[in-house]
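> Chain by chain, the residues run as shown.
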Amino acid sequence: QTPVKVKIGVLNDQSGLYADLGGQGSVWAAKKAVSDFNAASKGLQVEVVFADHQNKADVGTSIARQWYDVDGVDLIVDTPNSGVALAVSQVTKEKNKVFINSGAATSDLTGKACSPNTVHWTYDTWALANGTGKAMTKNGGDTWFFLTADYAFGHALERDTSEVVKANGGKVVGNVRVPLNNADFSSFLLQAQSSKAKVIGLANAGGDTINSIKQAAEYGIVEGGQKLAGLLIFLTDVHSLGLKTAQGLNLTSAWYWDMTDANRAFAKEFSAANGGKFPTDVMAGVYSGVTHYLKAVEATKSAKDGAAVVAEMKKIPTDDKLFGKGEVRADGRQIHPMYLFEVKKPSESKGPYDYYTLKATIPANEAFRPLDQGDCPLVKKT
Amino acid sequence: MFELIGVAPQALFGQLLLGLINGAFYAMLSLGLAVIFGLLNVINFTHGAQYMMGAFGAWMALNYLGIPFWGALIVSPIVVAIIGMIIERTLLRRLYNLDHLYGLLLTFGLALIIEGLFRRQYGSSGLPYGNPLPGGTNLGFMFLPNYRAFVVVASLVVCLVTWFVIERTKLGSYLRAATERPDLVQAFGIDVPRMITLTYGFGVGLAALAGVLAAPAYQVSPTMGSNLIIVVFAVVVIGGMGSIMGAIVTGFGLGVVEGLTKVFYPEASSTVIFVIMAIVLMVKPTGLFGTAK
Amino acid sequence: MDTVSDVPYIVEASGLTKEFKGFAAVKNVDLRIRRHTIHALIGPNGAGKTTCFNLITKFLEPTRGTIRLNGRDITRTKSADIARLGMVRSFQISATFGHMTVLENVRVALQRKLGTSFHFWKSEASLSELNDRAIELIKDVDLLTYTNHLAVELPYGRKRALEIATTLALEPEMLLLDEPTSGMGREDIARTADLIKRVSHNRTVLMVEHNLSVVANLSDQITVLARGEILTEGPYSEVSKNPQVIEAYMGTGHGAH
Amino acid sequence: MATANATPLLQVKDLHGHYGESHVLHGMTFDINPGEVVTLLGRNGAGKTTTMRAIMGLLRKRAGSIRYQGVETVGLAPNKIARMGIAICPEERGIFSSLSVRENLLLPPVVMPGGLSVDEVHELFPRLEERRNSQGTKLSGGEQQMLAIARILRTGAKLLLLDEPSEGLAPVIVQHIGEIIRTLKTRGFTVLLVEQNFHFASTVADRHYVVEHGRVVDMVPNDKIAENAARLETLLGV
Amino acid sequence: MTTTPLAVTAPQQGFSPVRILIGIVVLAALIAAPFAVYPVFLMKVMCFALFACAFNLMLGYTGLLSFGHAMFFGGASYICAHTIKVMGFTPELGILAGVAFAAVLGLLVGLLAIKRQGIYFAMVTLALSQMFFFFCLQAKFTGGEDGLQAVPRRAFFGVYDITSDFNLYYAVLVIFLIGFAIIYRAVYSPFGQVLKAIRENEPRAISLGYRAQQYKLLAFVLSAALTGLAGSTKAIVFQLASLTDVAWQMSGEVVLMTLVGGMGTIIGPVVGAAVIVAMQNYLASLGEWVLVIQGVIFVLAVSLFRRGIVGEVIAFVKARKEKAGA
Ligand SMILES: Nc1ncnc2c1ncn2[C@@H]1O[C@H](COP(=O)(O)OP(=O)(O)OP(=O)(O)O)[C@@H](O)[C@H]1O
Ligand SMILES: Nc1ncnc2c1ncn2[C@@H]1O[C@H](COP(=O)(O)OP(=O)(O)OP(=O)(O)O)[C@@H](O)[C@H]1O
Ligand SMILES: [Mg+2]
Ligand SMILES: [Mg+2]
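Residue numbers (the numbering used here), protein chains in the order written: chain P, 1 to 382; chain Z, 383 to 675; chain G, 676 to 932; chain X, 933 to 1170; chain E, 1171 to 1496.
No lab work stands behind these hints, which were simulated from the structure alone. A portion of the hints provided could be inaccurate.
To be verified - Here are the simulated DSSO-like cross-link-like pairs (lysine-lysine), alpha carbons at most 27 Å apart as the crow flies:
no.	chain 1	residue 1	chain 2	residue 2
1	G	K696	E	K1255
2	P	K380	E	K1255
3	P	K314	P	K112
4	P	K7	P	K31
5	E	K1255	P	K112
6	G	K753	X	K1070
A quick note: this is a predicted structure, and the numbers were derived from the prediction, not measured.
Generate the whole structure from the sequences, applying the supplied hints.
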């Protein structure tokens, strides 16, 4: 019989702010998933292509449309940057293909903007806020001050985290809205310092997070006994900060390479192929998502009807070596445990990328927004 | 103790001081831009990239050559200045007889190239650079990191020396004259092409120096310059394009204004400089210290 | 606007003063220019002639004093509007539209009267009705052979002629010419002087000029400025004998240009 | 020729010059002896200014030979030529607006001894001292002309290139400039003068070269003007 | 320092038979194009081509470089997307709203900036657009970095269905042609003549009685409005409006397009837009080199092909004609 043709497009940021956390690493992860899956022996002929969306929604959708219309792509994966992700999700629905997002944070993908063709894999703002907010508040960090990036994403993170903090008996003593791409945080950090809050929540991302952590060290904030909680931080960020500066930082992540043997083996192989870099949770999510997708295609015997493939993905449980057992919910949310980590002191680190200590595990059933609270139209229907 | 619009006076002092520190970066960057604009009539869009190169220079000096911060403070600006001079010799030079906008466009392109190359090589999330002067002094109203104090002093000295050379020496009058009629100044016996090259190198060196100073305080990242450069342009316009004193005074001044905005109305702190610019240009089109050309 | 043509003076400036940072370039000058005459403004360098020009055409704001054009107060009027009132100036350095042809240069000046200058939806062809008039003007200043040349390509003296043609296109009642013959060779000087004489018919001309033979031949009335003040006024024959003028301006070897 | 046996200070031979594609100088040939005042006369656009720019090195595209004190200068940069002792007062004056009058005056560096002192300059042009703190280009047209001449007198350059120095000046000042040129001559300066004002030129010059279409077409010693009046008339359109 | 004006190409106008023929061929090609080329790509090119042409109206014909045109492009795009998505406007009304907004914004910015020249003008427009960017970033209705997504493609005038890319293509083509015609007309109009005179010698134009500021202001508003037309159309094509379109990099991109195509030529910006958009599409798989390549093009265009593609072609043809004539 003729093999089922499947074309996978990794659409992400290859040159900008998010290039390090996904970029070529995600492409590698997707290819790795295909070869681990042994696609050929299962009657699938899989090809992986990739493109740079440059963090522009119009570029992203142009590529997506062209991929779907002209190049015969069946699945788009990764796609960090919420704006691009939402746009691609919409195109995917229109063209009835599949979109597995690993890199974007917006929980709208499985909420208001959910789609029968979209699966959200690794994390989302709700999970991040919940993980960090809950675990830290429970561990005694019961007064919070937020440094919030002044735009929709920052506001959402702050709002979600505050709710979690309050729900767990904590208190928010103040916040300050910081303009995007602001290099100097001293002013805001001083305000945070004088608030005497036990935890300073960083509701920002990328360069802003990095600079705020760096300057917090300069002003001796962590030494002074306050804790920093990064709400969206990646292994690559910690790497670029260096342990000396980042030590003591708390963060939530879906995956860390040094947790299981399978993870370590994956990381070792990744590192060998990618010039010594280590994989992030986003890349692991791409691996896991692609694996599950291939299983569904194998079952449906065709990749052409996207909605059918996603329906199949929701039907069979997820299970792979990196993310373990889990499921894809009706709203498209993939469910797995989340973990709270603390960044090690330089003296505790024993090797490259040995950065995190596990502080708490948030079980899968608590890690994500309950199905009925997301306003996803797909859920109401059923 | 009385409060001032809801902010304790100590906190206010603290913020003023912080503003001054930021202003130090603005001042040095806008000074370099003003020198280059004033003398070459080129809006150096590459300035942000050169600032970034300065910071990366410090990082590379440390990581590849083992040169510490204090050495990098000298080495990095010189290297970046030399690269700048090569750019001037090979590319900018051809544009002097054309409309100034071409200079702006060329340097804009160069900025893209430099930023792109660094992103390719070093990724975009940046690299760490340690603090050479850890610790700080408790001033009572705030904790002043030693390093930040050093930055303010260093940049003040650099700014004032530059101002003196350009406004108060013979060299300065050559430079200013060469802005208008390079051919004629050369016909008086002055080697104008070399002077222009050196001037560009100097302006670029200032940017790189600011970059080295920024490395320990901010992340060394390929995008650090492009985020800052637009604000610095605004500072230069407010000060009066090409005015040396204007660049210095407004640099520090706007740092302070921005700092205060961060206390009273942080949401506006990214736009306050542009608002001021709009107002200044309405009232005094040539900028605070500018003279009509 | 009521043209009070019975007022004998087209321009009346009184108490005109301009100070630059404490330095008075023009001090309390009363200048009256009689209709349909050629009036020359002469004086040593830095006397304030160009400044007076700039004040009257409002390229500079007077510090004090009033200016009337045809009896109407224009002290606060903007320079573009002054041109609309019929008073047009030329510049000390030649001013043409370099990358437009001679025809277009003249036509741009004619165009304003059509009232379609803001009409971005009209075709340029709508301007061709002005071509005849433009050619006429070009002929008047002897530029016919250059009609389709770009202005930058013209020799210096011809640029000045083009400028005058452009100015005449506005049909100004009053022309102000700043050193119209400076930098010209003899041939061009004669040609230009001739041209001024011709166009002054039915118009008033105020000119600044250092070439005394031109001044002597053309002007009906002369005002001599020195150090921002009026030294004397009168026809050439009178003024040229004034010892003060000889000392401050003309020197002893004049007249033989 | 009046001083045929002296070695010329400046020798221009078969000089060609271009502005971009347009060929402007077509083999200019003339020379100037030390201590002479020589004029270039000619109609507008004949190439007089261009010749001066070529001598100064400001015209990039030039070919032929220009020897100053026997040294070939075609191919040298303007600053090198200036250091040899040539200075120019350009047609459009070239006053710097970002410099004060005094700074303008002091701008050209002294290239060799023998120039005028600042006090001597102020004596010649008292107006400049009065306005010394104004911005250079705020001076009146004539004042700028004085400044442009004054500033090269300081440098000690031995060969002065004056491009239409009388343009835009009041007759008294023109007279005055004439006196100054004569004074300079007695001090050993050599002057190349471009003039439209023939009357003025004849009061200061030793010899006149007539230029037409980028070529020297005639040379008239000043003392033979009367005899050549008719010829000059046709050449210059007088 | 002497400066040469930015645009020096001589006007090309009039209706010779050759021109009419060329026009017919081009039109036929445009109508047939979506059968050969991916229509979404073509629409993107047209949006940017219109944007670049409108921008060129400012730069090429008044000599004023605006470094803030993204605010009109992105601003109109937001307004169009918002009115259609939230207020239920039909596309033509949405576009109208976007254009009106851009025109008003253009008037406000113009009043502030038009008195400045050269680099000052560039800097002032840049700063004002930066203010506008931060406004869009923080304003609620723009959706922050998510942007305005899923803008419905309603039928034009309630009758012309545009859900298929094919149909939409022809709608966009008509919009583009209208915009282009307006620009063409404006350049070769009495108004265009005065603009040219002002660019060549402003004081002289004033002395002839033209209030230069007003002409420049009208040109600016016109340019802003047409930029708004391009931005609004883009919002409909991509069904989204995002921060990318108001960021200063977008202002830089349109300069690049104009420069590459040939500023001050009527068709240059169209060619430039096509080249750059095609390149961006192609570069999408080149990853990190995007910036570098764009930068190299900038540098090459400025140092070697200053007249841009179309400008160089015109110059080449002219030179050949002259040679043939001589
Ligand atoms: N904008 C200005 N600022 C300061 N001083 C000025 C300004 N404009 C002119 N002046 C001064 O005013 C005086 C008169 O200048 P003006 O240009 O009117 O002279 P003028 O009579 O036209 O002389 P010329 O015959 O040399 O052209 C001069 O001393 C000049 O320096
Ligand atoms: N920058 C230039 N580009 C092109 N052609 C030029 C340029 N400058 C001068 N020319 C041309 O070169 C020729 C000689 O000009 P030049 O200025 O040397 O004449 P001139 O004898 O000094 O005339 P004038 O008496 O008007 O000053 C003229 O035909 C002129 O049009
Ligand atoms: Mg004057
Ligand atoms: Mg000349």
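> Take the hints in turn and mark each one as holding or not.
Results for each hint:
| no. | hint | result |
| --- | --- | --- |
| 1 | K696/G - K1255/E | violated (60 Å) |
| 2 | K380/P - K1255/E | holds (23 Å) |
| 3 | K314/P - K112/P | holds (19 Å) |
| 4 | K7/P - K31/P | holds (11 Å) |
| 5 | K1255/E - K112/P | holds (15 Å) |
| 6 | K753/G - K1070/X | holds (22 Å) |
Against the hints set out earlier in the document, a violation occurs for number 1 only.
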